[in-house]
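Participant: Put together the whole structure using the sequences plus the hints.
So you can see what is in the structure, the chains are spelled out below.
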Amino acid sequence: MLNLDTTQEYQPGCRIAGEGPSARIAISGAWTLAVLEDAHRALQGIGEFPGGHEIDLAGLLHLDTAGALALVSLRNTAGGAAQFVNVRTEHRILLDEVTRAASALGEVAPRSQPLRDFLKQFASILTSIGRDAIALTMFLGETAAALGRVMANPAKFRGTAFVRQIQATGLSAVPIVALVCVLLGGVILQQAARQLRYFGAEALSIDMLGILTLREIGVMLAAVMVAGRSASAFTAQIGTMKMREEIDAMRTLGIDPIETLVLPRILALIVALPLLVFIADMMCLAGGAAMAKLYLSLDLPVYLQRLNAAITAKHFYVGLIKAPFVALVIGLVGCLEGMRAEGSAESVGKQVTAAVVKAIFLVLVLDGVFAIFLSASGF
Amino acid sequence: MTGGNGTFNGSGEYAIRLSGLTKYFGSQLIFENLSLDVRRGEILAIAGGSGQGKSVLLRTVLGLLPFESGTIEVLGKNLARLSGAERTGIERRWGVLFQDGALFSSLTVLQNVQVPMREHLTLPQKTMDDLARLKIAMVGLPASAASKYPSELSGGMRKRAGLARALALDPDIVFLDEPTSGLDPIGAAAFDRLIRNLQQTLGLTVYMITHDLDSIFAVCDRVAVLADKRIVREGAPKDLVRDPGHPWVREYFCGERARLIEKAL
Chain A
6 MLNLDTTQEY QPGCRIAGEG PSARIAISGA WTLAVLEDAH RALQGIGEFP
56 GGHEIDLAGL LHLDTAGALA LVSLRNTAGG AAQFVNVRTE HRILLDEVTR
106 AASALGEVAP RSQPLRDFLK QFASILTSIG RDAIALTMFL GETAAALGRV
156 MANPAKFRGT AFVRQIQATG LSAVPIVALV CVLLGGVILQ QAARQLRYFG
206 AEALSIDMLG ILTLREIGVM LAAVMVAGRS ASAFTAQIGT MKMREEIDAM
256 RTLGIDPIET LVLPRILALI VALPLLVFIA DMMCLAGGAA MAKLYLSLDL
306 PVYLQRLNAA ITAKHFYVGL IKAPFVALVI GLVGCLEGMR AEGSAESVGK
356 QVTAAVVKAI FLVLVLDGVF AIFLSASGF
Chain B
621 MTGGNGTFNG SGEYAIRLSG LTKYFGSQLI FENLSLDVRR GEILAIAGGS
671 GQGKSVLLRT VLGLLPFESG TIEVLGKNLA RLSGAERTGI ERRWGVLFQD
721 GALFSSLTVL QNVQVPMREH LTLPQKTMDD LARLKIAMVG LPASAASKYP
771 SELSGGMRKR AGLARALALD PDIVFLDEPT SGLDPIGAAA FDRLIRNLQQ
821 TLGLTVYMIT HDLDSIFAVC DRVAVLADKR IVREGAPKDL VRDPGHPWVR
871 EYFCGERARL IEKAL
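Chains as they are written, first to last, in this note's numbering: chain A, 6 to 384; chain B, 621 to 885.
The hints are simulated quantities; they were obtained by calculation from the structure and are not laboratory data.
The C-beta atom is built at its ideal place from N, Cα and C for all residues, glycine as well.
Treat each hint with caution, since some may be false.
[To be verified] Cut-off 20 angstroms, straight-line C-alpha distance, at most; resulting in silico cross-link-like pairs (EDC-like, lysine to aspartate or glutamate):
#1 A:319 <-> A:372
#2 B:768 <-> A:122
#3 B:697 <-> B:662
#4 B:858 <-> B:662
#5 B:849 <-> B:688
#6 B:768 <-> A:351
#7 B:849 <-> B:834
#8 B:697 <-> B:711
#9 A:298 <-> A:212
#10 B:697 <-> B:749
#11 A:161 <-> A:147
#12 A:355 <-> B:772
#13 A:355 <-> A:250
#14 A:298 <-> A:207
#15 B:849 <-> B:652
#16 B:768 <-> A:250
#17 B:746 <-> A:42
#18 B:746 <-> A:43
[Unchecked claim] Computed beta-carbon distance windows for the label pairs:
#19 B:880 <-> A:139: 51 to 61 angstroms
#20 A:251 <-> B:875: 27 to 37 angstroms
#21 A:257 <-> B:880: 30 to 40 angstroms
Facilitator: Structural data, given as structure tokens:
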């Protein structure tokens with residue numbers, strides 16, 4: 006390609022020709038995007054000039070939208086009577102079009118104001134928390150109503166989906182939950198033993214591990230893992246269906262998406278999570294047993310004897326009773342965030358993030374509520 | 621380097637020349653010895669049945685898909701023999717409107733239109749803002765659309781915004797992939813007018829894939845019909861109606877729907 010822009014002839018130029026009343030602004034060369042900076046410099050070169058002059062385009066060789074915009078704004082600043090003269094036909098259309106479009110330009114959007122934006126954002130976060138609480142409660146109600154309808158007419162229950170979801174949320178989660186719990190059980194026992202050693206009460210670390218695991222750690226670990234795995238999966242699945250208008254299609258076909266999509270998932274989670282909690286409890290205690298052998302040189306029978314003395318069935322039930330409620334919250338949040346997805350893939354991604362964060366947050370809040378409730382009622 | 625109208629430099633009668641193009645997908649032959657010339661300053665429609673490879677041809681010309689043999693010349697340059705810098709030079713001189721606009725979803729319309737400017741030029745922000753808002757006005761979008769995200773726009777507005785981005789650098793050639801599909805007839809007619817206006821204003825060469833008989837008759841100078849792995853017919857729409865010369869072309873231009881349009885005209 007010939008690099009014509011740099012040759013003298015094509016250099017954009019702008020000068021005042023003539024004197025007094027016959028003075029005009031003479032434009033020359035190429036006024037295009039590639040040499041726009043030169044054109045602006047040429048414009049600054051002529052400085053202030055009295056209004057009402059003609060702008061002579063006889064020397065204008067080439068013009069594109071960027072150049073036309075510069076010339077049109079030159080004419081507009083040159084005052085009302087200024088006009089283009091000696092315009093070539095091919096340039097005339099473009100100048101007219103740019104004049105028309107430029108007059109339709111709106112105002113520049115106001116610049117952002119940091120403090121106001123911060124307060125606005127803060128307020129919108131607060132209102133969104135409120136809206137979330139309302140939405141979640143309503144969704145719980147819708148789900149309960151759907152459950153009622155299904156119980157009245159059991160043939161409506163989606164058995165296959167239910168079993169499939171138990172497999173996806175429960176069985177498939179067993180390896181990772183087991184691994185994490187073995188490791189954490191060992192770590193808790195080791196840390197507790199290290200601190201209790203100063204009091205010569207190393208063996209009490211087994212009591213601590215047993216009670217802590219059964220009441221809190223087992224259910225919390227399982228719940229957090231499931232919130233990460235399944236709440237995100239629910240949101241992604243339902244969100245994608247929402248995005249592709251499949252949910253709307255279901256509604257028009259007379260299929261209730263709550264009954265079909267939400268109910269099997271939530272019920273599956275309510276069944277699967279207590280089972281996972283049991284596995285988590287056992288694996289934590291097994292990890293503790295291994296660590297007791299390695300770190301405290303306590304054999305398995307001794308460990309079990311100590312554990313048996315420390316814990317009762319009550320502790321186990323306190324942990325387990327939380328599981329279905331936690332599962333309900335995780336399932337509701339996952340499905341609700343999916344239902345809130347909008348038309349784009351980006352929105353599904355955002356909802357998945359929101360679902361995991363909200364599910365884990367609510368799991369921890371729920372655990373706190375249970376702790377207060379259970380200790381007040383003497384467990 | 622240039623912006624500007626087709627006559628500025630890189631002279632020659634043809635904007636795009638394809639000759640002897642052969643392309644396979646695996647073992648499936650897509651194009652066999654396909655040839656096509658697009659003249660400067662014309663609006664050429666590529667018509668053809670579904671699955672005949674109209675979009676594949678577009679993507680091949682744009683260099684998004686490889687081809688086995690033949691040559692593709694754009695603005696007098698053989699695309700296969702270009703260095704990276706020369707290729708960028710060519711890319712600056714064409715604009716592409718994808719089917720649904722292909723706007724970047726995380727950017728506003730204004731920022732979308734500025735992407736090519738940022739990439740290829742160093743301009744002050746104020747100039748880019750002015751230019752981008754001018755392009756947005758030229759494609760007939762209201763000024764308020766500039767600060768919206770693509771997801772907040774209707775399909776027709778997304779296409780207009782996509783066109784504004786395609787025109788950001790004042791290209792010589794514009795490729796349009798089914799510009800009127802998914803628009804209502806009034807919106808489609810408005811888009812046809814827009815293309816015609818911009819083509820005349822900016823001296824564009826337009827390469828347009830379309831199914832839409834209305835837009836072919838309303839704005840296109842010539843039609844090329846893709847069938848049987850090559851261009852079977854090309855010529856002015858009227859000539860093709862008079863002398864179809866290929867069964868698909870006859871069915872397309874002289875079938876029920878075409879007759880209805882002709883009657884209405």
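Participant: Is the Cα-Cα distance between residue 768 of chain B and residue 122 of chain A 20 angstroms or less?
Facilitator: holds (18 angstroms)
Participant: What's the verdict on residue 768 of chain B and residue 351 of chain A, does the C-alpha distance respect the 20 angstroms limit or exceed it?
Facilitator: Status holds; Cα separation ~16 angstroms.
Participant: Sort out whether residue 772 of chain B lies within 20 angstroms of residue 355 of chain A, counting only the CA atoms.
Facilitator: At roughly 16 angstroms apart (the allowed maximum being 20 angstroms), residue 772 of chain B and residue 355 of chain A satisfy the hint.
Participant: Starting from residue 697 of chain B, check that the Cα of residue 662 of chain B is at most 20 angstroms away, please.
Facilitator: holds (19 angstroms)
Participant: Need the status of pair residue 746 of chain B, residue 42 of chain A: alpha-carbon distance at most 20 angstroms?
Facilitator: holds (12 angstroms)
Participant: With a cut-off of 20 angstroms on the C-alpha distance, tell me whether residue 298 of chain A and residue 207 of chain A pass.
Facilitator: Holds, because 13 angstroms separates the two Cα atoms, which is no more than 20 angstroms.
Participant: Are the Cα positions of residue 849 of chain B and residue 652 of chain B separated by 20 angstroms at most?
Facilitator: Holds - the C-alpha atoms of residue 652 of chain B and residue 849 of chain B are around 6 angstroms apart, at most 20 angstroms.
Participant: Taken at face value, is the distance from the CA of residue 834 of chain B to the CA of residue 849 of chain B at most 20 angstroms?
Facilitator: violated (25 angstroms)
Participant: Do residue 880 of chain B and residue 139 of chain A keep their Cβ atoms within the hinted range of 51 to 61 angstroms?
Facilitator: Because 53 angstroms falls inside the window, the suggested range holds.
Participant: When you take the CB atoms of residue 257 of chain A and residue 880 of chain B, is the distance between them in 30 to 40 angstroms?
Facilitator: holds (31 angstroms)
Participant: Assuming the hint says 27 to 37 angstroms, is it satisfied by the Cβ distance from residue 251 of chain A to residue 875 of chain B or not?
Facilitator: Roughly 35 angstroms apart at Cβ, these two residues keep to the hinted range, so it holds.
Participant: Decide if the proposed pair is consistent with the structure: residue 298 of chain A and residue 212 of chain A, CA atoms, cutoff 20 angstroms inclusive.
Facilitator: holds (15 angstroms)
Going through the hint list in order, the structure does not satisfy hints 7, 10 and 16.
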